[in-house]
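S.K.: Each chain, letter by letter, is given below.
There are 2 protein chains.
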Amino acid sequence: MSTIQKNVEAASESYSSTFTKGDLALPPAKKYLVLTCMDARIDPASAFGIELGDAHVIRNAGASAVDAVRSIVISEQLLGTTEIVLVKHTGCGMLTFKNEDAYGIVEKSLGASAAAELKARSLDFLPFPELEQAVKDDVKFLQASKLVPDSVTISGWVYEVETGKTKRIV
Amino acid sequence: MSTIQKNVEAASESYSSTFTKGDLALPPAKKYLVLTCMDARIDPASAFGIELGDAHVIRNAGASAVDAVRSIVISEQLLGTTEIVLVKHTGCGMLTFKNEDAYGIVEKSLGASAAAELKARSLDFLPFPELEQAVKDDVKFLQASKLVPDSVTISGWVYEVETGKTKRIV
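Line order of the protein sequences matches chains S and F.
Under the working numbering, the first residue of the first sequence is numbered 1, with each subsequent residue one higher.
Under the working numbering, the first residue of the second sequence is numbered 1, with each subsequent residue one higher.
Errors might be hidden in some of the hints.
No copy is singled out in the list; a pair is fine if it fits within one copy or between any two copies.
Here are the simulated lysine-lysine pairs, DSS-like style, with alpha carbons at most 30 Å apart [to be verified]:
hint, residue 1, residue 2
1, 31, 6
2, 146, 21
3, 165, 136
4, 108, 30
5, 165, 108
6, 165, 6
7, 167, 98
8, 108, 6
Bear in mind the hints are in silico, worked out from the structure with no lab data behind them.
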């Protein structure tokens with residue numbers, strides 16, 4: 001067992017020994033979802049004030065709304081959420097490369113067959129060159145999507161990894 | 001401003017006032033990623049023992065590995081992670097419906113133009129009928145993918161929303 005796997009087991013032992021929230025309902029109690037980045041420097045529960053059971057939390061590289069459509073539709077249409085809090089962040093890796101860079105790195109590192117799998121999946125890494133504009137673009141994308149009804153409240157934010165602050169953009 | 005937006009601002013005020021981790025590096029310090037569900041009843045940091053800065057956390061509906069490929073490739077190829085901890089959970093919403101059910105709900109709730117957008121995106125909601133089998137299937141998918149090199153350690157787990165325990169499956 002790896003060190004990381006041992007760490008999961010130790011955390012489970014500790015967390016479950018004082019766990020008292022075994023009867024929470026499946027649908028989020030506060031009927032909202034947070035979409036943020038997978039970045040290791042973000043702890044959504046603490047930074048954005050999410051109590052256990054209150055909100056869906058979707059995380060992917062860059063907090064991409066396009067990438068999150070499947071999860072968002074399930075959250076809203078099947079589990080009754082009516083508000084989206086979208087949070088991108090300073091220092092995001094997605095600001096640092098373009099699709100062709102990533103394709104080149106994969107081909108060099110993993111070979112031609114991996115590059116072929118990338119192409120077969122038509123994988124767009126969805127990087128973005130400017131942070132606040134990307135927040136606005138993603139909010140616009142959600143507002144324009146027929147899959148997100150107009151009754152859903154959407155806000156866009158930037159989390160500062162340097163200060164721990166979350167600031168509203170749109 | 002909505003109640004939920006006010007809550008984000010209040011959390012930001014509180015969190016940033018005692019924040020001391022503004023100098024963490026972009027790449028995860030412990031070089032791993034956790035892939036888990038967006039479910040509101042999961043707090044990955046506490047339940048799986050993730051310290052700020054240590055791991056990427058990817059979350060989507062059902063902890064789907066297929067849905068997470070873009071983020072996983074970025075995590076490994078661009079940011080140097082070498083281990084995947086995949087955690088699905090008891091009581092998952094993805095166990096409760098089939099694609100045709102979700103398509104029907106979207107069409108009834110949002111109308112024909114939304115259903116057309118679903119079809120245009122060829123959206124597969126990726127539900128699964130059996131929990132432990134789904135963990136095994138997703139681990140196999142990652143092991144088989146040319147985009148995940150054999151050197152990456154992969155484990156599959158189930159988190160129990162009733163007990164707070166995380167158990168290794170594969």
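S.K.: State for each hint whether it applies.
M.R.: Now the hints, each set against the structure:
1. 31 with 6: Cα proximity of residue 31 and residue 6: across copies only (15 Å, versus 35 Å in one copy).
2. 146 with 21: neither (36 Å within a copy, 40 Å between copies)
3. 165 with 136: within (19 Å within a copy, 39 Å between copies)
4. 108 with 30: Answer is between: at 24 Å across copies they meet the 30 Å cutoff, but 46 Å inside does not.
5. 165 with 108: For residue 165 and residue 108, neither the intra-copy (38 Å) nor the inter-copy (40 Å) Cα distance is at most 30 Å.
6. 165 with 6: Between copies, since 14 Å is at most 30 Å while 33 Å is not.
7. 167 with 98: Within one copy only: 26 Å inside a chain, 38 Å across chains, cut-off 30 Å.
8. 108 with 6: neither (33 Å within a copy, 47 Å between copies)
In summary, the numbered hints that this structure violates are 2, 5, 8.
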